[in-house]
Amino acid sequence: MSSWIVAPIILPAMAAALLLLLRRSPNLQRQVSLAATALLCLSSIRVFMLAIEGDVLSYRLGDWPAPFGIVLVLDRLSATMVLLSGVLSSAVMLHAIRGWDEKGHHFHPLFQFQLMGINGAFLTGDVFNLFVFFEVMLIASYGLLLHGGGPRRLGAGFQYVAINLLGSTLFLFAVGIIYGVTGTLNMADLAGKVSQVAAGDAALLRTGALLLFLVFALKAALVPLHWWLPTAYAAAPAPVAALFAIMTKVGAYAIIRVFTLVFGAEGGAAAFIAAPWILPAALTTLAIGAIGVLASRVLVDLVCFAVVWSMGSLLVAVSLFDARSLTAALYYTLHSTLIGGALFLLSDLIACRRGRWRDDLEPSPVMANAAILGGLFFLAAIAMSGLPPLSGFIGKLMILDATRGSDSAGWIWSVVLATSLLVIIGFSRAGTMLFWKSEAVAGTLAPPAPARVASLAPAAVLILGTALLSLGAGPVTRHLEATAQQLVTPRSYMDAVLGGLAEAQRATEVR
Amino acid sequence: MPTVWSNRNVTLNIVLLPILPLLAAIFPPLAIRSGRTLCAVAAAVPTVAALLILAAAAPAVYRGEIVQATYEWLPQFGLSYSIFLDGLGFFFAAMILGIGLLIIIYSRFYLSQDDPMGRFYAYLLLFQGAMVGVVVSDNILLMVVFWELTSLSSFLLIGYWRALPEGRQGARMALVVTGGGGLLLLAGLLLLGQIAGSYELTEILQRGDVIKASPLYLPMLLLVLGGAFTKSAQFPFHFWLPHAMAAPTPVSAYLHSATMVKAGVFLMARLWPALAGTEAWFLIVSMTGLITMLVGAWIALFKDDLKAILAYSTVSHLGLMTMLLGLGTPMAAVVAVFHILNHATFKAALFMSAGIVDHEAGTRDIRRLGGLLHLMPISATLALVAAGSMAGLPLLNGFLSKEMMLEEIVHTPYAGNPWIMPILATVGALLSVAYSARLAIKTYLGPVRADYPHHPHDPPVGLWLPVAVLVVPVIAIGLLPALIAGPVVERTALAVVGGQALPSYYLALWHGFTPALMMSAVAFIGGAALLMAFKPLDRLRLATPRLEAKRVFDRVLDGATGGAKALVAALHTESLPRYFATIVVAITVVGTAGFMTGSHAAGTRAHLPVNGPALVIWATLLATSLAVMVLHPNRLLTLILTSLVGLGVSIAFIQFSAPDLALTQISVEVVMTILLLLALNLLPRTTPRETGWIRRMWDGVIASVAGFGLAGLAYAVMTRDFQPISEYHLAQSKPGGGGTNVVNVILVDFRGFDTFGEIIVLCIAALAIYALLDSSLKGAAARRLASMRQGEEAADAHPLMLVVVTRVLLPLAMTVGAFIFLRGHNQPGGGFIAGLVVAIALLMQAMASGYIWTAERLRLNAHTMLGLGVLLAGLTGLGSLLFGRPFLTSTFGYVHLPVIGEFELASAMAFDTGVFFAVVGTVLLSLAQIARVEARAERKPVPQGPSDIRLVGSARAVSQPTIAHSKES
Amino acid sequence: MARLFPHPILSVVITLVWVLLVNDISAGAAALGILLGWAIPKLTHPYWPDRPRIRRPLAVLEYVGIVLKDIAVSNIQVAYLVLFRRGDTLRSQYVTVPLDLTTAEAITALAGTITLTPGTVSADLSADGRSLLVHCLETADPAATVAQIKERYEGRLKEIFE
Amino acid sequence: MEVLIASAIGVLSAAGIYLILRQRSFPVIIGMTFLSYAVNVFLFAMGRLTVDRPPIISSGAAAYADPLPQALVLTAIVISFGMTALIVVLALRGYLETGSDRVDEGIPKLPEPAEERLTS
Amino acid sequence: MVIAEIAISLLILVGAFFLFVGSLGLAKLPDLMRRLHGPTKATTLGIGSMLIASMLYFWIVEGNPSIHELLITLFLFLTAPVTAQMIAKAYILHNIQEREVLTETGRPVGWATLDAAEADEHSEVTQTSSNA
Amino acid sequence: MIDIACIIATAIIAVASLLTLYRLARGPGVLDRILALDTLVINTIGLIVVIGLWFRTTMYFEAALLFAMVGFVTTVALCKYLLRGNIIE
Ligand code: NA
Ligand code: NA
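Protein chains in written order, with our numbering: chain H, 675 to 1185; chain V, 7 to 975; chain D, 16 to 177; chain R, 5 to 124; chain C, 1284 to 1415; chain B, 19 to 107.
Hint data in this document are derived by calculation from the structure and do not stem from the laboratory.
Careful, some of the hints might be misleading.
Reference excerpt, derived from the structure (chain V facing chain H, CB under 8 Å, subset only) [to be verified]:
id	residue
1	G185
2	P509
3	A607
Computed from a predicted model, the values in this text were never measured in an experiment.
A virtual CB, placed ideally from N, CA and C, is assigned to each residue, including glycine.
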């Protein structure tokens, strides 16, 4: 039982507590936070290395045997997600320490707590503990969202918090029903028990499962539960929005995790229960996202809707729940997290260089660093809208390929491709407006705060990430295939968590 | 990255064909600092290098071999970097690179000093690499990659002059149409791969029969053609090409005549063995081509801008090529290949000539030109030759391929009618003659004018030499077709038809008096006649309504954008009630569906008997809930009712054996009440009724249905038996966790990780609240606060009796807190409740004696408490790592001390202490922040505590108030 | 001593309360009680900066006894009034009790006693703290009520506190 | 008793949902509070109802109430407290900034101070 | 033992009775100041009796002396008067009619709840009078 | 016998609680309601003590103590709100 598994959760938590005690010295705080993020990134690499050795590892907190205590479970999926959050958060941290962190109180502790929540959600193997980490993640995100204040953020924040509070309530209802029927909270244990639920309890189990699905769908911004996203992310401070790029993925992760492990093939009365709901919703999400991209008049709104759109793509792939489509979904997850983060950072970099025009899609005089920023934006737009050669194209290709055997392939392909076109239109208009039309505008922008090229580095790193993701698509996909394989054969997960208990259960099944 | 080379005909070099220009794209921007010529050289070198690679592969290709290399990319999904060269690929690659080199030279002289040349060459090289990639891809998915890259790079090139609105619009339009087509192509090729069982062209082309027999053939064909037609500007997608002419002329010459627009034609040629030869193919492709040919030519005839004429003529010629490929016969394929070659030469030459005219005369409007032959004889001559070829004049290469085309058409019935195609093709040729002649005459012939914007003369050799280089083959092929073009056409056509034998044909100037020659003659005469009647014809055209595709496109796009905006505005109203309603309805619907689709049996668990107090509590909860729905506009009353519900719920917890819960609920309740009261003081006191009764009824229905569902679920679960894992917790609590209060042991031990997360939630809430309220209220907010209705206010802020009693209560409450904390592991209580008790006691102080007075006396800053709390809980958990046990592993033991006796020490207690501090810190920090809002806005001075009544005769100055009514002082 | 035990009486009370709480009269409980009796007053000392001077501890006991007796008796009287009298026939009125007490603790104790005992509620204090507003549920003779309060309670409190 | 608890859960939830559908921040918050009461009781009830058997180990007791849902509810109460506190403050600050506590209208697009979005 | 049980039972019933009386007073009496008398008094004795019953029971019947009930009593005795006074003060503040039936303070200042107007002046007077 | 007394006491307390609820519902003023709530808390404390006697357990003792404290703080907070608006000045 390697203690590394708990590191991605504890490290940021302790760092945050320490940062609270250091609140009087902002510089020291910054350094500690940066160091903690770097350490977190390293530890997530270590954790990743552990996972790709192939075995599912479980970590029994408090040394209590599963399912009675809480376990953390490290498999390829959780390790990948943790690594992803490590990479994203490092870039975001680098962006934030260029000034954003001073715009309000407690940026760094909140940031670290946020990371704790995200990693906790990825690693936990317990449904209720997942709820707790959702809450940690959410409340930290509320704090971060409001960082810096302003009426817009307050209004958006209220809606974001209110809708998510409803989500949290629903989570508890769902967990309650599932516990009430199965008597357990451990996911692996649940996986074993749902298939044995009495016929008379099937309706309850199914209700619980679907309510749980809705909770995750809310986090994943699946239409019609997506309302909070465009408003909240657009109002959020840029580095926070960039970090949020992975928050929607937590919802997607939870859907993938729970609805393959517990309510997957061996889900008994609730086997694959989410699938028929995900697909139409995901297609609608694609449509709404793309329409939103087309309609946006502010860059950050456009990016928000693009994120909604990308969630639709991702969930379309998830909806089939087979190894191939899950592989595609996972690849798309990596891609859309990196590129979502990059675009939010870019929109901030652009906004802060354009004076009163900020990121409104209106022509302004040429901004500082226009050439490099324009190049980065071009690449990011290519990646997001799924044009080659960056990872968006590969992801789209994989999704189309993985879904072609589906009964709904016609729908999926039509919607994916049609909405891709809308997104291309939206991004091309935004890009030409910001970087081309500005060259036709006379006058100069009031000298902005020193616009250093170095400030573009974090965004550039994320874009480079999408390039590497594309270039290394082969090996990455091999890893993701193995990940998906682990997901569709939950036995290894159950065995790793329950150990001898699973053996015993299997014995009774045979009898 | 592991590399797997195909074992067939491995040739490393051809892999570089697309990559070389792509990677080299970074050099021109770097080289521009060393001068424009060096910049051009930086662009030319990779092009030349690629040409050399191609030349090296030529012998093999012309031996009929296929040169191939494969590099793994995404094997799991069929995407590989596999490249192959056969006759067709070679032909196109050579054309792309060759004309590319000329364009690079031409651009060096064409671009002005102000144009950022480095960027231009970078884009050009990107395009060149992508285009070469399209034609040498073996893997069809790789081809899509390059295909879309050509769209992207052409987007950059068309928009090169960024300040030009036409450039931006043209670029976007091109991207939308060709990029959109690329999406169709992607879908089509994915389908094709699925049908053929491979994504490698070399495999696919072998399986034409399988493909054509597949039920997916037609949809696949439509998708692929969608890609091809958009790229090659076929009707009705032809409109983007003329607008792409906003690009610098070299770009138009290169992309929009010689190369990119041919990509669609290339694709049809490339897939010819797999797709062509079916009825569907013929009907769709040939007719689309024919219509495009006519439409393009017709529009070209009436354009006055040189480049526009050329653009529409290109559309027309692309139609011609498409039509030829659509015929589906090998001979037509030969002709198509031949015409592609010819068109590339004369059209690129014409574009460059147009550029020269523009450059020299300062306009491209043929109404302002004429007589240039006298002023710039060299370039005019070159242009006239090229124009002649375009018109199909004998002795030039355009004539040959046009003749061969007409010859093919003569034998082609369309849908059973033998006349349609020949007639339409003749009309096309006629129009072609007409616009070519018009262009030549109006630009170059006639008298010299006095009113050119600039005075034209022949340009530097760098500009006209590339034109000359292209005009050479125009004439050479025209005169000696078999010698010059024969091998190329044959090798290329062989590749197109893939394995089939080519029919016997010969490329020659004179074929005798064939029907085709007759049609040509008709075309020339008709063309001349048309020019004579140009003016009345133009008037007629202007008088009739025209459907302009660009306007339609703009309308559609504007409509879509407008619709999108309207839709988003209608959906995303940012109205929380609407969002909530949608979400609640969604939850109800999905939850109900889940229940209805599963089998359900009523539970068999015995019900508990109802007793009187329970009924009272139940009735209270019900009545209060209903009352709140009606009375909620009165906010203070709502608060009181809410407290009542909290009270009822905690009694219910007591009734049903959950003392810990009752304690927690009731203490949280009071903190919430205080919090809400603090907030309510600064919020409106009432909620106005803003909804009509229909809306309220509707909301009531939603709420009732959802509530009913939840009640049903609760009832269903409660009335059935189950076997929870908590049997284990009950059994292990004492022996394993060292405590008899199982709930507490679960909280600090079995599920201590939950609790760890929970205190962090609290901590974050406090931090967020602190951050939210700590910034001072400025501007409007401060004014609003100051003007807030101040109701009647009592004179004493700190009533004496309250001050004294709370003073006594504080140590008592702390004693109780200590008690609840210490016994929590075994009896109801624990760190959380203890923390709340202590926090409430301190709040009581603050209520009685004032915030500042209380805060000043607090030994530990609330922030520090929070930090320490989390740190302590975390460190306790980490402590177990030192002993090689997992995080949060607890330990306990019994310590025996003299006098005091035996007592238990558990590590869980240290953890619980962390919880305690976190709770106290949270409550104090957050409530204090709200309490201080008013003070921050300086709405009124803070009364100095602790009591407002100054008692005379008292010597105790410290504790007694310093002023009676601080407001006035 | 004063620094170690800023509130000796409080310390005693806390130790006692602790023993009450743990319901266990053992050495261990007492030890912990004493510990808390020391620690908590130290912690809360700033919130009660000056300990009230109780001059006659025995008088406290006597006072408590009287009050308890009065509470019992008066409760019965009030019960009678509530059960058997119509509310609007009760002769309720305010009276003012001028105070001789000057310390906050003493005034509070008096006001508390008044509220706890028959038919009277102390409703407010004058702004200078020198008189007490008392509401009587049923009184025919306000002056007598005031006199009784002053004699029966205030006098004793004066002895205890001042 | 089960009927009473179930119906109480239903009515509390209904009141909560009705209130969160209102147009001002305060009733929304109160609605959330009601919903959290409802869900706490619900979660608690998922351990089934028991009278006079608190999960505190003693020698005489024959059976105990299910302690697990109790622990879960405890956590849930605490978390929802933190959340509610935050949203209350959010509503308060929002009202002070904008002068409106409406939640059914668009969020103000007031420009933030210029330095707001300046980084680097 | 039986006597103890009888005593305990009686005490329980007495306690319940006084709780009832307190609530009845609250429900029945016509105005707030009169209603205030019910709860604040009857409840002290009500809870008090019950707590005594509880103490007696655990002490005599269970043989396990339980005296922590005293703490609740102590607490209620400390707080009930404050509660009553706070309610009374709020009532006086918000009911103009009630202010009119208040008796005079007999001092140069008014009642603490209401006297805000000329506080400085009055406190000076207070100061003087105390000096005298 | 004690059990019987407890049952009767429970019933009486239930009736008493209904009376306070009546006042709570009737008002008329918000202070009447606050007073009713306060009284209800006192009744609840009585109920908890009775339940403790009935079930022969001291486990609910802290609950009673806490209810007393909470009832006090709530009432004071509500009154302070009515008196001053800001309850923590
Ligand atoms: Na506890
Ligand atoms: Na605890």
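For each hint, the structure was consulted:
1. Interface restraint check: G185/V against chain H, minimum CB-CB distance 5 Å, threshold 8 Å, status holds.
2. A least Cβ separation of about 39 Å between P509/V and chain H goes past the 8 Å threshold, and the interface hint is therefore violated.
3. Hint on A607/V holds. Least Cβ distance to chain H is approximately 3 Å, under the 8 Å limit.
In terms of the numbered hints stated before, the structure departs from hint 2 and from no other.
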